[in-house]
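Position 70 of the sequence shown, counted from 1, bears residue number 449 in this note's numbering, the numbering being contiguous throughout.
What the hints contain is simulated information worked out from the structure, not anything from laboratory work.
Each hint should be verified, as a subset may be incorrect.
Unchecked claim - Here are the simulated BS3-like cross-link-like pairs (lysine-lysine), alpha carbons at most 27 Å apart as the crow flies:
# : residue 1 : residue 2
1 : Lys-501   : Lys-455
2 : Lys-521   : Lys-501
3 : Lys-455   : Lys-383
This structure is a prediction, so every number in the text was calculated from the model and none was measured.
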Amino acid sequence: MEVKSRHHLRADEIGELEAAIESKTGVELDGDSYEMVELADEPFDVVLVDGESDVVQFEDEAFLTVQGANRHGVTKGVVTVDAGAISFVSDGADVMRPGIVEADAGVSEGDLVTIAEETHGKVLAIGRALVDGEEMTGDSGKVVESVHHVGDDLFEFVV
380 MEVKSRHHLR ADEIGELEAA IESKTGVELD GDSYEMVELA DEPFDVVLVD
430 GESDVVQFED EAFLTVQGAN RHGVTKGVVT VDAGAISFVS DGADVMRPGI
480 VEADAGVSEG DLVTIAEETH GKVLAIGRAL VDGEEMTGDS GKVVESVHHV
530 GDDLFEFVV
């Protein structure tokens with residue numbers, strides 16, 4: 380990933396970012412330093428919070444990275460998968476209904492969600508909901524499209 384530019388966020392941008400992250404994930408970011416890293420060759424940018432790549436910015440939508448979600452403990456917008464789905468989700472596969480054991484009922488179609496494993500609650504991926512949270516469990520069908528997962532370029536991103 381090629382860094383195009385870097386700059387610190389203004390106070391109003393930080394306030395908007397913190398509010399957006401809290402409303403979507405339940406996480407109250409409280410960093411001392413927020414730096415936007417614009418990438419030349421990716422459809423997203425990264426926000427470093429106190430030097431950590433905790434936030435990803437997709438066009439006008441900010442969300443936590445896998446590392447950020449694990450570091451801060453997400454409480455909203457979580458889709459939990461069983462042990463059989465872990466290797467697939469960790470490799471970037473979309474999430475299918477049979478692998479889901481629980482989904483936040485507050486999730487709406489189109490929302491970004493965190494995908495966690497049921498045993499330890501570790502976040503494996505970030506995805507976009509293809510259906511509402513109440514419709515995610517069942518016997519068949521894709522319900523979450525993966526957009527970022529353990530081991531991808533964003534996960535390995537170091538500045």
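Each hint, compared with the structure:
no. : hint              : verdict
1   : Lys-501 x Lys-455 : holds (14 Å)
2   : Lys-521 x Lys-501 : holds (21 Å)
3   : Lys-455 x Lys-383 : violated (32 Å)
Checked against the numbered hints given earlier, the structure breaks only hint 3 and satisfies all the rest.
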